[in-house]
Every structure is written in structure tokens, then in C-alpha cells.
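Protein chains in written order, with the numbering used here: chain A, 5 to 139; chain B, 95 to 246.
Each hint should be verified, as a subset may be incorrect.
Said to hold, decoys possible - Here are the computed lysine to any residue pairs in the SDA-like style, where the Cα-Cα straight-line distance is at most 20 Å: (1) B:Lys105 - A:Arg44; (2) A:Lys92 - B:Thr235; (3) A:Lys79 - B:Lys105.
These are calculated hints, taken from the structure and not from any lab test.
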Amino acid sequence: MPDSQAQLTAYARSLGIAIDRMDDGVPVLAVEFTREVEGRPGALHGGAISGLLETAGYAALRAKLDSDDRHPQLKPINITVQFLSTGKQKRTYAKGRITRLGRRNANVSVEAWQDDRERPIATAIMNILMADGAG
Amino acid sequence: MVQPLPPFDPKQAAQFFFRHGHSGWLGLRYSDHGEDWVELELPWREDLLGEEARHMLASGPIISLLDMASGMSIWTTRKVFTPIATLDLRVDYQRPARERSAVRGRVECYRITRSAAFVRGIAHDGDPGDPVATMAGVFMTIARDPRSAQHA
């Protein structure tokens, strides 16, 4: 667990994103509502939500790759974020699910929620390139 | 009667927007604007890095930069600040930003309907012809709450 925490990027740690718990081997990430993630007064910034989703997507993929003893560099190809409802002044969680894991690229879907796991406030689909060695 | 407000000025608004919250934390700065576009700058910062070994900017701040430039391009095009909500944002990453260089996000609002605003843009680190990322987004304009009319 401390290892996984250290794997979060400087950006994620600086924004206050941390691993809340492991759920079936997949890290659930969380961020508190602070000034650093506030957009419109009293609401979570869309960019901060995107950052949380993206970090959770990488964390889910990294956990799976570690368990397969694969250690490629991860490079973003693209991300599409759907914003479903306003993020309120509450703790926000995010968890990724690997929808396809290939040799060179992975497709990961991510959900972010607050009170109710069944009512996500935002979702994302990410394509991630896995480059082995120096590539 | 309320005096009509002067048209939305992104340069002026930036001074207010970027003092607070997430965009303040990122250190976003106004860079340039036109009739229907706004360019903002995200300065280089060590604590915004992605994977340590690679010493490159994380992609999260680039989304924030483009999201903020999107909103401001919509207000600049409409000439008025109205509440909007991001519905959908897509970012395609072409290449990592150069080490230690600021990244600029330039977004244009190319179409506005009664309820939606469509934007597209790029992130670049000096040469707009060689972008770091391209983006497209849709925003909803939030209609004035009818309950607030009686207070107006």
C-alpha cells in the first residue's frame, strides 16, 4: 500500500489525491474538497475531477500490470470525460476498470462519485499506451 | 434598472478567476484572446509532474488549462458571463510537453446554440503548429433559475 501511494504522481499528491482503499485489487482514490480543487464557488472544478479520474485510471492499470509483473512506461493517448453532475463540497472517490488490456495499449473506464457509488458525478474513457523499456 | 454590463473581458476576468481555487493553485495566467478564442498559460512547476522518471508535466493540469480556456472562450464569444457546465471534454495527447516549458491552451468557441456551446482547441509549448494536445468539448449553458427572476 505505501508503495502504491508513492506511485501516485507529484501532481496527484500535490492536489491531495490519495489511495482510500483497495477494492478487489483495484485502488480506490479519493480527494477532499479543498480550495485547490474548487472551481465555481462551492463546486468541484472540472479539471480537478478530470485529474482525479485520470489518476485513478492509471492506478488501476498500474495495479493490474504489477500483478502481471509487467512494468512498462505509461503514456496517455487520449481521455474523454463526461460530466454528469456538479461535484459538491464533499470527499470524491474514483475507481478505474480495465475494459481491454492488450500488449501495447489499454482501454480503461473510470467513474468518480461522492455519496452514492451508483450515481457517478463524472466518468472517463482513457486509451493508454504501454511502452516497454526506454521506448 | 441594472446598468448594462460591459462586454466580458477575458484579460480582466483572469485577474479575478486566477486568484482563487483550482486555477489559482495551478497558477494559470492570461495570455491572449480574440473575438471567439482565448489563450491561457500554465507555467512550469515541479510539483505538477507526471511520472517522476520522465520529468514531464502530468496530463491532468493540461485538461484543467483547456477546460478553463474553453469556458473563457465561450464567455468571450457571447460577450457575457453566464453560468455554464462542462458536459463532455476530449483531449488527444500528441506528445509530451518540453521539459521546463510553460504550456499554453488556446481554445475557440466555434458554435453556440440556445443550450450548448461547442469548443475546440490545442495545447502547445511555444509553437501552435506543433501542438502537445488537441481537444474538443461541449458545454451546456445553464438557464437562469426562474426562481431567481423575482429577486432581479
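So, going through the hints one by one against the coordinates:
1. For the proposed pair lysine 105 of chain B and arginine 44 of chain A, the alpha carbon gap of about 18 Å is at most 20 Å, so the pair holds.
2. Of the supplied pair hints, the one linking lysine 92 of chain A and threonine 235 of chain B holds, its CA atoms being roughly 19 Å apart against a limit of 20 Å.
3. Taking the CA atoms of lysine 79 of chain A and lysine 105 of chain B, the gap is near 34 Å; set against the 20 Å cutoff, the hint is violated.
The structure is inconsistent with hint 3 alone, although it conforms to all the rest.
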